[in-house]
Amino acid sequence: MPSRGKKRPLPSGIDTNDGPLSAAPAIELHDVSKRFGARWALARLSYTLPQGASLLLTGHNGSGKTTLLRLVSTVTAPTLGTLKILGLDARADRMKVREQVTLLSHANFHYEDLTAKQNLELVAKLRGAPGLPAKVDGLLDKVGLKARVDSPVRQFSAGMRKRLAVARMLLLQPKLALLDEPFGELDPQGIAQMEAIMAELKANGTTLVLATHLLEQGKRLTDVSLHLENGRQVA
Amino acid sequence: MALWLLQLAGDVAQVAADAGVQAAQAAADAGTTAAQDAAQALPPPSSTPGQMVGRGRLVGGWEYVWASYIVTWTGIVLYALSLWVRRPKGEAPGTGGRS
Amino acid sequence: MSGLLGQSLLVLRKDLLIEWRTRARLNALIFFAIATLLLFSFALGPDTVMMRKHAAGYLWLGLLFSSMLSLGESFRIESENLAMDGLKLIPVDPRAIFLGKTMGNTLLLWLLSLVLLPVTIALFDVTVTLGWPTLVGIFLVGSMAISAPGTVYAAIASHARARDVLLPLLLFPILIPALLAVVKATHLVFEGDLMDQLKSWMRLLGCFAIIYWTLGFLLFPKVLEDD
Amino acid sequence: MPLITPLLILVGVVGLLLAHAFVPSVRRWSWKAFLGIAVVMFLVQPYLALSWAPPEREMGEVQRIMYMHVPQVWMALLALTLNFCCSVAFLLKKSWVTDALAEASAEVGVYFGAVGVTLGAIWAKPTWGVYWDWDPRLTTAAIMIVIYMGYLTLRRFVEDPEKRATWSSVMGIISYVDLPVLWFSVKWWNSLHQVQSSPKTVDPDMTMVLRWSATMFLCLLSVFIIHRFRVAYAARQAEVAPPEALAPGAA
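Protein sequences appear in the order of chains A, B, C and D.
Numbered by the working numbering, the letters in the first sequence go through residues 1 to 235 in order.
Numbered by the working numbering, the letters in the second sequence go through residues 236 to 334 in order.
Numbered by the working numbering, the letters in the third sequence go through residues 335 to 561 in order.
Numbered by the working numbering, the letters in the fourth sequence go through residues 562 to 812 in order.
For reference, chain A alone in the conformation it holds in the complex (with noise of 0.2 Å):
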């Protein structure tokens, strides 16, 4: 993969040939539709977002945010539409795509009888990169569950388990960041601490893509915003 561009192209969408080394957009989404069951949740939705730029997803419950962010993720696959993340084939290079990108989600992939400790851990050394298992304590410590990394995730409260993903996603150093609702169920503390973290994920060069109801902090944090409606693109 080419160096991430540090170089911020504005926000106009499809031509982003402007960057320096890194071509390749973050997100280029071709006709891509995804269907549930009878139900189509995204519809004919392309869009390019440059590497660097960062996204604001808005939308209404159920336009079809989490779907996309899942699609990006390649945790499932279109069934219309072709979908390139950095450069990367979302369906054959699915492995590649996923050493670069995380994804922040309400199932936050947590084991519930592991400790947040464990959980962490397990994540380190299955993700295999040296001197991953050595930052997780000091993770923990960031993301405030210092006090609590020996108590099995069951026990947490949402904002606990917000705080321990959020931990988890900084664990593997993203180039892609997809945040569903990363400001939910925190408390007005947590959510400055939480966007403290991302300005900061932000400004070492991670693209984000943030979908939130939490305009203020979104806008403070993207440049670009793309509006579902229904599945839909909408502005």
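Just so you know, these hints were derived from the structure itself, not from any lab.
Mixed in with the good hints there might be a few duds.
[Stated by the list, open to error] Heads up, simulated DSSO-like pairs for lysine-lysine below, C-alpha to C-alpha not over 30 Å straight-line:
{"hint": "1", "chain 1": "A", "residue 1": "K175", "chain 2": "A", "residue 2": "K84"}
{"hint": "2", "chain 1": "A", "residue 1": "K125", "chain 2": "A", "residue 2": "K202"}
{"hint": "3", "chain 1": "A", "residue 1": "K125", "chain 2": "C", "residue 2": "K556"}
{"hint": "4", "chain 1": "A", "residue 1": "K96", "chain 2": "D", "residue 2": "K654"}
{"hint": "5", "chain 1": "A", "residue 1": "K135", "chain 2": "A", "residue 2": "K125"}
{"hint": "6", "chain 1": "A", "residue 1": "K175", "chain 2": "A", "residue 2": "K142"}
{"hint": "7", "chain 1": "A", "residue 1": "K146", "chain 2": "A", "residue 2": "K84"}
{"hint": "8", "chain 1": "A", "residue 1": "K117", "chain 2": "A", "residue 2": "K202"}
{"hint": "9", "chain 1": "A", "residue 1": "K96", "chain 2": "A", "residue 2": "K117"}
{"hint": "10", "chain 1": "A", "residue 1": "K219", "chain 2": "A", "residue 2": "K125"}
{"hint": "11", "chain 1": "D", "residue 1": "K748", "chain 2": "A", "residue 2": "K96"}
{"hint": "12", "chain 1": "D", "residue 1": "K724", "chain 2": "A", "residue 2": "K96"}
{"hint": "13", "chain 1": "A", "residue 1": "K202", "chain 2": "A", "residue 2": "K96"}
{"hint": "14", "chain 1": "A", "residue 1": "K117", "chain 2": "A", "residue 2": "K135"}
{"hint": "15", "chain 1": "A", "residue 1": "K84", "chain 2": "D", "residue 2": "K724"}
{"hint": "16", "chain 1": "A", "residue 1": "K84", "chain 2": "C", "residue 2": "K533"}
{"hint": "17", "chain 1": "A", "residue 1": "K135", "chain 2": "A", "residue 2": "K146"}
{"hint": "18", "chain 1": "A", "residue 1": "K175", "chain 2": "C", "residue 2": "K556"}
{"hint": "19", "chain 1": "A", "residue 1": "K96", "chain 2": "A", "residue 2": "K84"}
{"hint": "20", "chain 1": "D", "residue 1": "K724", "chain 2": "B", "residue 2": "K324"}
{"hint": "21", "chain 1": "D", "residue 1": "K655", "chain 2": "C", "residue 2": "K556"}
{"hint": "22", "chain 1": "D", "residue 1": "K593", "chain 2": "B", "residue 2": "K324"}
{"hint": "23", "chain 1": "A", "residue 1": "K142", "chain 2": "A", "residue 2": "K202"}
{"hint": "24", "chain 1": "D", "residue 1": "K748", "chain 2": "C", "residue 2": "K533"}
{"hint": "25", "chain 1": "D", "residue 1": "K748", "chain 2": "B", "residue 2": "K324"}
{"hint": "26", "chain 1": "A", "residue 1": "K175", "chain 2": "A", "residue 2": "K202"}
{"hint": "27", "chain 1": "A", "residue 1": "K125", "chain 2": "A", "residue 2": "K146"}
{"hint": "28", "chain 1": "A", "residue 1": "K202", "chain 2": "A", "residue 2": "K219"}
{"hint": "29", "chain 1": "D", "residue 1": "K654", "chain 2": "D", "residue 2": "K724"}
{"hint": "30", "chain 1": "C", "residue 1": "K556", "chain 2": "D", "residue 2": "K654"}
{"hint": "31", "chain 1": "D", "residue 1": "K724", "chain 2": "C", "residue 2": "K556"}
{"hint": "32", "chain 1": "A", "residue 1": "K117", "chain 2": "A", "residue 2": "K84"}
{"hint": "33", "chain 1": "D", "residue 1": "K655", "chain 2": "B", "residue 2": "K324"}
{"hint": "34", "chain 1": "C", "residue 1": "K556", "chain 2": "A", "residue 2": "K96"}
{"hint": "35", "chain 1": "D", "residue 1": "K655", "chain 2": "A", "residue 2": "K84"}
{"hint": "36", "chain 1": "D", "residue 1": "K748", "chain 2": "C", "residue 2": "K387"}
{"hint": "37", "chain 1": "A", "residue 1": "K202", "chain 2": "A", "residue 2": "K135"}
{"hint": "38", "chain 1": "A", "residue 1": "K142", "chain 2": "A", "residue 2": "K117"}
{"hint": "39", "chain 1": "A", "residue 1": "K84", "chain 2": "D", "residue 2": "K654"}
{"hint": "40", "chain 1": "A", "residue 1": "K146", "chain 2": "A", "residue 2": "K175"}
We have chain A; now place chains B, C and D onto it with these hints.
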């Protein structure tokens, strides 16, 4: 589908059992030895069409043969009917699932 | 990447860790299996000769019923919080998930069979004629044979409607060859192998296990990933 | 009637099947041809099987059940082989045609298998004295039907068409690979239980009638699968049809 096949099997078994009460009794006695013998020695095959190979140790049993035909034909009719009931609607005439 | 085998072992280790941290569930499974054996012996009545003759069958039926619970459970923990999606995104090779899960289910079933063995001996008055190592080996291969198709089908059933009904419905008929072979082999160990049949039954069981570990390894990614 | 007749008809039927598979224009009328051949053969078959063919030495007239029983079990195996091929093909290349064909062949296979097993039980009564004698063939066929009923149940329990197709393909492969293992296990298990074997015959007249019946049932199988395929394919088309949300210009 499965249900009626099961029912059908049950009904036919009943019919066949009723029809062949006497024959079945005789067959039950002859049956075991017959099958074992048959496994060992086979008669020299007849090459002339229509000629009887032998009378057969097991006499009668036509009701079982008829039962097999009834099961097969009933099955065909019912399955064809089920295909017709499920035929795709709104297709151009002539290509629909009429059989 | 820590390699296919490394990831498999990590998945296995994780499953065993969860199993250990939820020991209450494990105990419930063991009691369920013992209760099944007890029920069989009640249903059979006090005919000792018959009980001894069919002991191997009841032991494996009890294990089979318990395996439905443990297989379902091993994928329930993955659907809580969509943990399986999380594993896929780390990323973990789906084949490593298959190997890890199947090894975990094999170990659990093997452990269960070893726990049930003394109960069987006590309830049905059997003797181990051909030696303990043979028996323990048969239990291991038998557990392997049940776990491989079990893991694939549990993964499918865990995403479908009415998963609790679906899993045994799909799995029982597939497992009949393995069940016949392992029951026969166990029976021969209990009653003595006068006609030297144990080898052919073990060969059948081994073939079954190899076929399904291979098939599972090849097909599991299709079950897990959208294509 | 020359003994070679059924073989000649069989060659014709297979040729028509190949044409059906590879020439699209044939597909519009081929099922009528199959149906026509089947009807004619069905009208002649009772005469051949019940009067023309000689009775068997040991089992007498009862052996005539074979002309109905054996070909239908063959058809079941043929349909399930088609199901296996479609399952493999679907996993290699996604297509609603192979998915619908897999569904059709599994159901028709279960149908023929169920009738075949029923006839086997009817045959077993006069020859062995009981309807069910744990004959390896009969037992294997019965378990096979249960396996594929599970397959059809799975298809009904998954709503998402893509997932249903993929999962049922996986299950189709696993089930088909199970059949030979099942056969050997039941056979060995049974061989310790008792020796039981159905009489085989080498009489050319009998072979001729058996081939006649097999060809006749092959035509019927083709008609059934073609129509079941149409049902499945239309259902699939309705499921995956792009709704107005996907109409051009809607984006």
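Hint check:
no. : hint            : result
1   : A:K175 / A:K84  : 14 Å, holds
2   : A:K125 / A:K202 : 25 Å, holds
3   : A:K125 / C:K556 : 25 Å, holds
4   : A:K96 / D:K654  : 23 Å, holds
5   : A:K135 / A:K125 : 11 Å, holds
6   : A:K175 / A:K142 : 20 Å, holds
7   : A:K146 / A:K84  : 38 Å, violated
8   : A:K117 / A:K202 : 26 Å, holds
9   : A:K96 / A:K117  : 26 Å, holds
10  : A:K219 / A:K125 : 35 Å, violated
11  : D:K748 / A:K96  : 49 Å, violated
12  : D:K724 / A:K96  : 24 Å, holds
13  : A:K202 / A:K96  : 21 Å, holds
14  : A:K117 / A:K135 : 11 Å, holds
15  : A:K84 / D:K724  : 22 Å, holds
16  : A:K84 / C:K533  : 54 Å, violated
17  : A:K135 / A:K146 : 13 Å, holds
18  : A:K175 / C:K556 : 27 Å, holds
19  : A:K96 / A:K84   : 12 Å, holds
20  : D:K724 / B:K324 : 25 Å, holds
21  : D:K655 / C:K556 : 12 Å, holds
22  : D:K593 / B:K324 : 19 Å, holds
23  : A:K142 / A:K202 : 17 Å, holds
24  : D:K748 / C:K533 : 16 Å, holds
25  : D:K748 / B:K324 : 46 Å, violated
26  : A:K175 / A:K202 : 10 Å, holds
27  : A:K125 / A:K146 : 20 Å, holds
28  : A:K202 / A:K219 : 13 Å, holds
29  : D:K654 / D:K724 : 14 Å, holds
30  : C:K556 / D:K654 : 12 Å, holds
31  : D:K724 / C:K556 : 10 Å, holds
32  : A:K117 / A:K84  : 34 Å, violated
33  : D:K655 / B:K324 : 26 Å, holds
34  : C:K556 / A:K96  : 18 Å, holds
35  : D:K655 / A:K84  : 20 Å, holds
36  : D:K748 / C:K387 : 21 Å, holds
37  : A:K202 / A:K135 : 20 Å, holds
38  : A:K142 / A:K117 : 13 Å, holds
39  : A:K84 / D:K654  : 21 Å, holds
40  : A:K146 / A:K175 : 26 Å, holds
Hints 7, 10, 11, 16, 25 and 32 from the list above are not met by this structure, while the remaining hints are.
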